[in-house]
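Residue numbers (my numbering), protein chains in the order written: chain A, 1 to 459; chain B, 460 to 663.
The reader is advised that the hints may include incorrect statements.
[What the hints assert, rightly or not] Covered stretches of chain A (in silico footprint by chain B; criterion: 3 or more residues with CB under 8 Å from a CB of chain B, positions within the stretch not fixed):
hint, region
1, 65-78
2, 229-242
3, 260-268
4, 271-283
5, 352-361
These are calculated hints, taken from the structure and not from any lab test. No residue lacks a Cβ here, since even glycine has one placed at the ideal position from N, Cα and C.
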Amino acid sequence: MIVGRLLPLTIAFASAVAPVPLLGQDTTAIDRGVRIGIVYRPGVRPGIVVLPGHQAGLDSVRAIVARDLDYSDRFEVITMPGGDSARGTAAAARPDPARPGTRPRPATPAALNYPLYRALGADFAIDVRAAAETTTVVVHDVTAGAVRRTVQGIVPALGLPGFRLAVHRLSDQILQATVGAPGFAATRILFVRDGKVYRIDQDGADVALASSGEHQAMSPAWARDGRHFAYMEFADGRGQLFVQDVATNRRVSVTTTGKSLDFTPAFSPDGKTLAFSRATEEGTDVYTINVHDNCCLQRLTRGGFSDNLSPTYSPDGQRIGFVSTRPGLPQIYVMAADGTDQQLFAPFDYGVSGSSNAPEWSPDGQSVAFHRDVGGTLQVFVLDVRTRTVRQLTSLGRNEDPTWAPDGRHMAFVSDRSGYRQLWVIDLETGRIRPLLQQSGARLPAWSPRIPEAGITNP
Amino acid sequence: MTRVHSLVLMGFGVALLVACGKNPQPAATPAPAPNADSIAAAERARADSAAADSARRAQEEAERIARQRAADSAAAAAGAVTEVRNMLAAMIHFDYDKAALRSDDQSALDQKVSILNANTAVRIRISGHCDERGSDEYNLALGNRRATAAKQYLVSHGIAADRIETVSYGEERPIAPGHDEASWTQNRRDEFEILSGGDNLRKP
Numbered sequence: 001m002i003v004g005r006l007l008p009l010t011i012a013f014a015s016a017v018a019p020v021p022l023l024g025q026d027t028t029a030i031d032r033g034v035r036i037g038i039v040y041r042p043g044v045r046p047g048i049v050v051l052p053g054h055q056a057g058l059d060s061v062r063a064i065v066a067r068d069l070d071y072s073d074r075f076e077v078i079t080m081p082g083g084d085s086a087r088g089t090a091a092a093a094r095p096d097p098a099r100p101g102t103r104p105r106p107a108t109p110a111a112l113n114y115p116l117y118r119a120l121g122a123d124f125a126i127d128v129r130a131a132a133e134t135t136t137v138v139v140h141d142v143t144a145g146a147v148r149r150t151v152q153g154i155v156p157a158l159g160l161p162g163f164r165l166a167v168h169r170l171s172d173q174i175l176q177a178t179v180g181a182p183g184f185a186a187t188r189i190l191f192v193r194d195g196k197v198y199r200i201d202q203d204g205a206d207v208a209l210a211s212s213g214e215h216q217a218m219s220p221a222w223a224r225d226g227r228h229f230a231y232m233e234f235a236d237g238r239g240q241l242f243v244q245d246v247a248t249n250r251r252v253s254v255t256t257t258g259k260s261l262d263f264t265p266a267f268s269p270d271g272k273t274l275a276f277s278r279a280t281e282e283g284t285d286v287y288t289i290n291v292h293d294n295c296c297l298q299r300l301t302r303g304g305f306s307d308n309l310s311p312t313y314s315p316d317g318q319r320i321g322f323v324s325t326r327p328g329l330p331q332i333y334v335m336a337a338d339g340t341d342q343q344l345f346a347p348f349d350y351g352v353s354g355s356s357n358a359p360e361w362s363p364d365g366q367s368v369a370f371h372r373d374v375g376g377t378l379q380v381f382v383l384d385v386r387t388r389t390v391r392q393l394t395s396l397g398r399n400e401d402p403t404w405a406p407d408g409r410h411m412a413f414v415s416d417r418s419g420y421r422q423l424w425v426i427d428l429e430t431g432r433i434r435p436l437l438q439q440s441g442a443r444l445p446a447w448s449p450r451i452p453e454a455g456i457t458n459p
Numbered sequence: 460m461t462r463v464h465s466l467v468l469m470g471f472g473v474a475l476l477v478a479c480g481k482n483p484q485p486a487a488t489p490a491p492a493p494n495a496d497s498i499a500a501a502e503r504a505r506a507d508s509a510a511a512d513s514a515r516r517a518q519e520e521a522e523r524i525a526r527q528r529a530a531d532s533a534a535a536a537a538g539a540v541t542e543v544r545n546m547l548a549a550m551i552h553f554d555y556d557k558a559a560l561r562s563d564d565q566s567a568l569d570q571k572v573s574i575l576n577a578n579t580a581v582r583i584r585i586s587g588h589c590d591e592r593g594s595d596e597y598n599l600a601l602g603n604r605r606a607t608a609a610k611q612y613l614v615s616h617g618i619a620a621d622r623i624e625t626v627s628y629g630e631e632r633p634i635a636p637g638h639d640e641a642s643w644t645q646n647r648r649d650e651f652e653i654l655s656g657g658d659n660l661r662k663p
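One chain only, chain B, in its complex shape (with noise of 0.2 Å):
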């Protein structure tokens, strides 16, 4: 990728020279003697000129191009530690009153577990979360062994205990307002939250 930036800036750059080197200058000051010998410098001098100017201007291209590129790469870099920091917070659902992790969220645990293999400075918090068919403070209970059951997979997967944090929110914190089916399977959730080591997220 890096090379291909640069051969391309290099093609540029050449194209730049020769179209320099067509356009006619102008005369900075009128031929004082038409003679060969100054027609022959002023032409070098013209040429120097030239050659001088087109080396700076490429100069400067090229130093903006660099400057592009860190911007394009710094930008490509912060896109990558965003998809990183989404999928560690990709929520996990469960059945109704039930805290057993779903096989369908396995793949989410595990791309859980590499991204916190690659990022050792990381810590987060788990926290369980019930729909409102249950009793209030049953589901606070709920909550916490939803929260548990992921932290227990992410740790039997090689996952310091003390990184991950646990705690339950019972049905107080729905993120669908409704009354049916559709929303209470999006309430039944663990939200997993970075607490510190998330600035510099790096991509397993």
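Bound conformation, chain A alone (with noise of 0.2 Å):
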């Protein structure tokens, strides 16, 4: 009967439609026609569309949301034909509001054309909507043809901090109501150009300074909580690490000797440890310190001949993954968290394998990614934990310093692919680069957690 009902307005639809492909905005129409009916497929990202409105203002959270949809990976963005015109059809294919027994248009999001957008190829549709601060998103099943969810967030007014962060958050919520995954559109990168930290929106949206001393900085890291990042400092010829507040941009100086080159801390997942590195005239090693008491530095390795250096914490707090130089070169290792266990971690060809250096391990816990020196030039690696093999993911270009993005399938890294180093991003799934900052020179990305804020809700 549904069917009966509809078969007609899809067809008139796709009449409506046919020009499309002429914009050469679109030239997957026909194709996403074919897909009507079937959502689940393997290996077909659905597709998602967010509605066109009228209501004033809205327009650049509109172009935000559908942009970190895109940035995902995880949907066929769909672009609504004619913009607003489309809309229209949408409207008029509604039962008529006048006739009697009908529900009041306003509220009523159900009452959406699910077979239109249907036709489009949409799985999803979001109708963004606003009333004072609260930002309403409606998602819409359009396979079902019902709600899906209802998710609402405090969006302060365009160009006021904090804007662009909201709407992100919304964009997370968006894919978590979707395909049921946390999403990363509310996270920012750091990373070092000309001595200094900045920061960047994951959309490359937002760049600020972050850092505020006046000495050059190098190797930004986050803490799991998103509230607080590390960093070290040069001063006359020492390195001086850092942990800073994101709220606030207070730092603290993290103890030391005064004697020494400290430099690439890392955070435990509990926030209480930084583990570091400290190049002293025996060489260099991996200490850990309690930075919530700033006491009881421990020192994990001791190299002798060997440099050890660039620790990252497994997920779980358990392990440390590092860099060792012990067998001629440095590669990378792994040891318990205590300092005991110390094993190769990343196999290599002795004689045939290039340096390996800056390990970061994955949010899920399952592989390690890193960077190792393949012909003279830098290429991006991941290790996969379990199995302890590895993979190059990278080819074109110097490529270096992976960072990984809290949903464990998109990574930043530096690449001079373009002609110049610059930030780029991957989604290691579907292969899709995008370049996240188009300035040469930046360096040493850190990608942070989701970065938590109260402010929205999801009843």
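With the hints in hand, could you dock these two chains into one complex?
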């Protein structure tokens, strides 16, 4: 019965959108037509459409949400042909509101013309509305023909601090409501340029200075709570570690001897311990210190004739990956968090594989990303922790310093593939690569966890 | 050297005296009576006056030359200090991704040992540097290795360890800006900097 009622509409719409490919905007419209009624095919990403609207001031919100959904690499984001006119078609296709017995139109988002969006290839439709400071997002399940979920968030006015992050949080809620996976829209990446630490939103917006010192800074690293980060500063030939509060920009120095070069800080998952590298005349070794009480310095490695550096905690806090030069050139090693049971982590061919550096354990614990010298340039590799096998991820240009997004499938890294060194983001599942920052000289990126903030509700 | 200077000076002084003696002195006053005694007296007075004059000038000249000589020797000493300072600051270089001292740098290091032995108040800082090819963070450890390698050489040749500090700048302070082997070769280096006691450097 439903099919019988909807079929004419679908046909009518199909003829209506026939000119779309001529616009050069969406050449896969015909393929999408084939996808009607088929939703969870493996290897096919669900289609999603962000509905246009007449309400003023929401265009920026919709644009940011649509871009976030695109950058999540989990959807085919469908661009509405003809913008508002399509919405008008949808409204016209609704049951006549003037007819007695039907409910008032504004209160029923369920009145969306699902067959129309199904014909477009959409599995989900996102309706963004605002009332005062509260922005409401209705997630429609087009296939089921029903509202999947309604999420709300306080979104500051466009241009106010917190606006973009609030919108990004809505995007993450949409991802959770549709594919059931946490997103990474509300995240930022720290990086170093010209001796300062900067931050940038994961969609490439809002670059801002983050470090407050006058000396040359390096090696930013996030705490798991997303409220603090650590970094290192050169001062008088020494390396001094700092822990900075994101909200207040206040920083405290990590206690050191004052006579050493401390670098590559890494927070333990509980945020209480900072592992780092310390270079002294004995060489470079991995240490830990309790940053909560600024006490209890522990030395985890004793290199002697080899260097040990660049620690990275497993997400359960039980193990630490690190770099050791004990095989003669730097390679990726692993040890228990107390320094015992040190062993080779990422296999290499002796005399063939080049230096390996900059390990970072993935948030899901299953992988460790690092870079390795291949034929005189650096390439990003991923170690599978369970099987202890490595695969090379990049091959174009020089690619280095990988850092994981909190979803565990995206990664930022530094590449000169475009002619100069800049930040890029890759999706490991689809292989899609996009530039994060179109400026040269950026390096040592560190991807944040999901940035916490009150102010979003999920009724 | 000093003796030669003095001889030249004496010869010059004598020549001055001779020149003065030959010059006919203009008469200060017309001779009242040209008698033999008065002429002799005048001659004597003139000779005395000329002699006194010459002696004064010679002394002035000697002082001037002494001052000049002192200045010259100070400049020479300063030149020697600069030379020693440059020898102490001479950089040493490394192979790619290596911290082993190269044999062609051994004489430079031996020279530093001699200088440090001759100037026991001098304290230095060795900073290790890398080229841009390796990993940014690993290069901090490598630069540290390079600095301590040079320190270990100096210490093993008798220099007290507490006179030498080591630091690493990794690849953060290149001296050659290029992105080719010529620049990388220059950037893989140790720098030597005097921390204190370098005011009156003595030549070994």
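Hints versus structure:
1. Proximity of the region 65-78 of chain A to chain B, defined as three or more residues with a beta carbon under 8 Å from a beta carbon of that chain, is not established by the 0 residues found.
2. Requiring three or more residues with a Cβ within less than 8 Å of a Cβ of chain B, the coverage given for the region 229-242 of chain A holds, as 4 such residues are present.
3. For the region 260-268 of chain A, the stated coverage by chain B is satisfied: 3 residues place a CB nearer than 8 Å to a CB of that chain, which reaches the threshold of 3.
4. For the region 271-283 of chain A, the proposed coverage by chain B is satisfied: 5 residues have a C-beta within less than 8 Å of a C-beta in that chain, meeting the threshold of three.
5. Counting residues of the region 352-361 of chain A whose beta-carbon sits less than 8 Å from any beta-carbon of chain B gives 3, enough to reach three: the coverage restraint holds.
Hint compliance for this structure: hint 1 is the single one not met.
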